[in-house]
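Participant: The chain contents come next:
Protein chains: 2
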Amino acid sequence: MTKYLIRAMVLPMTGPDDFYENGEIAVVGDSIVFVGERGSAPPDFVPDRIFDLKNDVVMPGLINTHTHAAMTMLRGYADDMPLMPWLEEKVWPFEARMNSEDMYWGSALALCEMIRSGTTTMVDMYIKEEETARAVLETGTRALLSRGMTGLDRKAASVALQENIELFNNYHDAGQGRLKVLLGPHAPYTCPGEFLQTVKQEADRLGAGIHIHVAETKAELATIKERYGTTPLRWLEDQGLFGGHLIAAHCVYLDEGELDILKQYKIGVAHNAESNMKLNSGTALIPRMLEKGISVGLGTDGASSNNDLDMFGEMRSASFQQKLVGSPEDLKAYEVLDMATNGGARVTGLKKLGRLAPGYKADLISIDFEQPHFYPRFSIPSHLVYCARGGDVRTVMVDGKIIMEDRRLLTLDERRICLEVEKRAKRIAFKVFNEN
Amino acid sequence: MTKYLIRAMVLPMTGPDDFYENGEIAVVGDSIVFVGERGSAPPDFVPDRIFDLKNDVVMPGLINTHTHAAMTMLRGYADDMPLMPWLEEKVWPFEARMNSEDMYWGSALALCEMIRSGTTTMVDMYIKEEETARAVLETGTRALLSRGMTGLDRKAASVALQENIELFNNYHDAGQGRLKVLLGPHAPYTCPGEFLQTVKQEADRLGAGIHIHVAETKAELATIKERYGTTPLRWLEDQGLFGGHLIAAHCVYLDEGELDILKQYKIGVAHNAESNMKLNSGTALIPRMLEKGISVGLGTDGASSNNDLDMFGEMRSASFQQKLVGSPEDLKAYEVLDMATNGGARVTGLKKLGRLAPGYKADLISIDFEQPHFYPRFSIPSHLVYCARGGDVRTVMVDGKIIMEDRRLLTLDERRICLEVEKRAKRIAFKVFNEN
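Chains as they are written, first to last, in our numbering: chain A, 1 to 436; chain B, 1 to 436.
It is possible that some hints are incorrect.
Treat identical chains as interchangeable: a pair holds within one or across any two.
[What the hints assert, rightly or not] Derived lysine to aspartate or glutamate pairs resembling EDC-like cross-links, with alpha carbons at most 20 angstroms apart:
1. Lys3 x Asp52
2. Lys401 x Asp413
3. Lys423 x Glu21
4. Lys54 x Glu422
5. Lys351 x Asp48
6. Lys426 x Asp17
Derived from the structure by calculation, the hints contain no laboratory data. Computed from a predicted structure; not experimentally measured.
Could you build all of it, start to finish, from the sequences and the hints given here?
Facilitator: Here it is as structure tokens:
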């Protein structure tokens, strides 16, 4: 097994006061075996290679708990529109014309961008998820993948569920455990109760988790109220969907009683601040969720609604949004970093992620701190949340393997991916234009 | 006079549909003489040097209409605190211990960061503004500088006004016109009426503009209501402050009648979205201001409240903030870019800035578009606002002179500046800690 010694400033995310200005991290195989002051690794540890990153801060890789990777294909295709015309006139006609290869290249582009901006694990939901699986395996990152399933058309729903089950059978625990597969019923307003009950049976049978959008918009709230006379989360509870591992994306409109439901069933929340702002969805009650001990991670949502996949931007926006509607004391810098790392580990159920400590996975990133926007160095967490940008990430390791070094991607042909996406996206847009 | 030909994708900001995918820009001395398709510059134009930036988008340099440059010294020193304890326990004790040299190095650090993130003109207000002037002159950027003056202590106010007048006499129009000097009365709640009247007399005598904070917080609104029975903007009007060139920073709390006052006196608004969010100040009525034809520019505010000086981040946050409280159609990408360029030109009164067109100043920046977060290329304005980050800026020209090339700063010793600020800021923080 390869042994690495990494020397850098180390922010292990094991507690607000933990920081090594001259730190070192010892890695053996896919795991961290030591974190501490420089020169204090066990004397019998003889590394195969030493990384001297003395101007970088090393921290755990970021966990993006909700995205639609292949939607990079639609980045900038339509913006600044109300939700329904945006979906009906732009997103859905475009998606209807995307083939499997388009999904592969779109996912690969997302992975380029994610690695470049420090994300090492993503929770994804989309249509041809086996293509995303293929891209993730090649790339070397981690992912929890789900086939997004709407249940309004019974036949299509049944096909989608079969695809999701196949995805599970083919890819769950693939890539030395780097891949996990979840079931992905889309949302309360797109899935009838009967379908959700079938999904839950299959999840229990397979031992799979569930990934679903919940209470994202006021319109969803109104629809569920009208259809079922209750709220989205309560209605899902009534369908018996809860009890296993479940990731609820958005959770913008929940009352205090529903926060108790999240807590009771240990439901993990994927909070998407930028998407919720850009699409005028609203502001989720994150500080209150954290107070109640609910697990909250951060997500970028898809690139068609955000429009980037930069978790550093997401951290900043998450904090700014809460401070705007609450108080300057809400979502302090370290709390936000904690959501993007330890919170993400809890939400994904990947217990060996989210911090740099012996026994944890060697998923880590280095940020180039030798830049004017990181001076003076009063507070590393503050600088990471309020000043850092995705482009400041220099080195990325996942599962003990370097996948970006000094800003060069080692597992992806970035230039080719960009050009393929450009060609394919423009071709689809042209088709939509001509056929509509 | 030096002649440059710049080949690139060109977004001239002369109208929403204006874009040259294969464009070129001809520069003679400090001015643009031609913008158009590649190969269409006048045949008698023989450049001294050709810049082939074919993977970059070139656009006008960004105009930061409100900042406190030297406050980079306090970056990350205190965050996540309520406004008054933050000011009283942290900011003011720190500022009281900053000397002239500290102000110089803090300003130089701000300029490093601004150039790196595409800002070519800033409107500044701070204490030892002659030090900021010195840094700007060395650096080659543009600035409108004002000595921040509070008028509650009569003697201190009189000294500050003398310093601001000296600043005007020494630096107004310095650096081939790159510097302008404004008078900087701090805010309605820190300046008595009599002092503001004196400031206005001096402004008229000198022919100087005025830069002031207005209606930033609810607390200010309450104070002015209690003291004078009116609103901050109306009270300033009563003091006779309006009529000349005036930049009003923040303008978060204005009613419809006050928007008419802005319009009537042609007051320029400096909007600071990130500062207003992070400090829980509130949301300014920007879409309504634009509807009424009021000039609005964007500003970062100081690095102690934002915490960076990245105008790309500011553009994104400005749009997200309005979309969150209004609708997804508010502050569309091109409108935001327009505020950061043409809007800034109107607010500063620098009529030859803000667009790339013959007769305009050669202040321009190039953004490296050969990166995954800029693919596919459906919309350049959308990508610039929703995906671009300060670190994507590659080349910066001000007044026809290159001051950053391929990310190397040509007029500043960045490493020394970072280390000086680190040393000085830590020393001051240590003093505050020991003496308080």
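Participant: None of the hints should be skipped; say for each whether it holds.
Facilitator: Checked hints:
1. Lys3 x Asp52: For Lys3 and Asp52, the Cα distance is within 20 angstroms only inside one copy (14 angstroms; across copies 44 angstroms).
2. Lys401 x Asp413: within (17 angstroms within a copy, 36 angstroms between copies)
3. Lys423 x Glu21: between (46 angstroms within a copy, 16 angstroms between copies)
4. Lys54 x Glu422: Between copies only: 16 angstroms across chains, 38 angstroms inside a chain, cut-off 20 angstroms.
5. Lys351 x Asp48: neither (27 angstroms within a copy, 61 angstroms between copies)
6. Lys426 x Asp17: This pair counts as between: shortest inter-copy Cα distance 19 angstroms, intra-copy 49 angstroms.
Going through the hint list in order, the structure does not satisfy hint 5, though it satisfies all others.
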